[in-house]
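Peer 1: Sequence:
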Amino acid sequence: MALHRVSPRTAFDDVFASPLSEQILPKYRIPEGQSDPRVVYSLLHNELLLDGNSAQNLATFCTTWSE
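Numbered according to the numbering used here, the sequence shown terminates at residue 81, and the numbering increases by one at each position without gaps.
Bear in mind the hints are in silico, worked out from the structure with no lab data behind them.
Every residue gets a Cβ at the ideal spot worked out from N, C-alpha and C, and that includes glycine.
You may find that some hints are simply not true.
[Claimed, not checked] Between beta-carbon pairs, the in silico distance windows are:
1) Arg19 x Asp65: 18 to 28 angstroms
2) Leu63 x Tyr42: 20 to 30 angstroms
3) Arg43 x Leu17: 17 to 27 angstroms
4) Arg43 x His18: 18 to 28 angstroms
5) Leu63 x Leu17: 35 to 45 angstroms
6) Leu63 x Gln37: 16 to 26 angstroms
7) Arg19 x Leu64: 35 to 45 angstroms
8) His18 x Glu61: 15 to 25 angstroms
9) Leu64 x Ala31: 16 to 26 angstroms
10) Tyr42 x Val20: 22 to 32 angstroms
11) Ile38 x Leu17: 15 to 25 angstroms
12) Leu17 x Pro45: 20 to 30 angstroms
13) Leu58 x Val20: 22 to 32 angstroms
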């Protein structure tokens with residue numbers, strides 16, 4: 015017997031199904047409204063993973079190929 019209730023998964027549990035992912039994140043200003051912190055963290059985390067991964071960085075690929 016479970017001692018706590020488990021809520022069923024909904025479509026909003028997926029970060030990319032949230033309404034915030036349909037918009038471009040502001041780069042040079044702080045938004046006026048509030049957003050779910052888990053969604054914002056996941057979107058920023060995924061975006062920064064692409065910047066820090068040299069295997070997917072176009073400049074690294076072009077430099078390696080030209081040498």
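Peer 1: Each hint should be assessed against the structure and marked as holding or not.
Peer 2: Hints, verified against the model:
no. : hint                              : in the structure
1   : Arg19 x Asp65: 18 to 28 angstroms : violated, 40 angstroms
2   : Leu63 x Tyr42: 20 to 30 angstroms : holds, 21 angstroms
3   : Arg43 x Leu17: 17 to 27 angstroms : violated, 46 angstroms
4   : Arg43 x His18: 18 to 28 angstroms : violated, 41 angstroms
5   : Leu63 x Leu17: 35 to 45 angstroms : holds, 37 angstroms
6   : Leu63 x Gln37: 16 to 26 angstroms : holds, 20 angstroms
7   : Arg19 x Leu64: 35 to 45 angstroms : holds, 37 angstroms
8   : His18 x Glu61: 15 to 25 angstroms : violated, 34 angstroms
9   : Leu64 x Ala31: 16 to 26 angstroms : holds, 20 angstroms
10  : Tyr42 x Val20: 22 to 32 angstroms : violated, 41 angstroms
11  : Ile38 x Leu17: 15 to 25 angstroms : violated, 43 angstroms
12  : Leu17 x Pro45: 20 to 30 angstroms : violated, 39 angstroms
13  : Leu58 x Val20: 22 to 32 angstroms : holds, 28 angstroms
Comparing the model with each earlier hint shows violations of hints 1, 3, 4, 8, 10, 11, 12; every other hint is respected.
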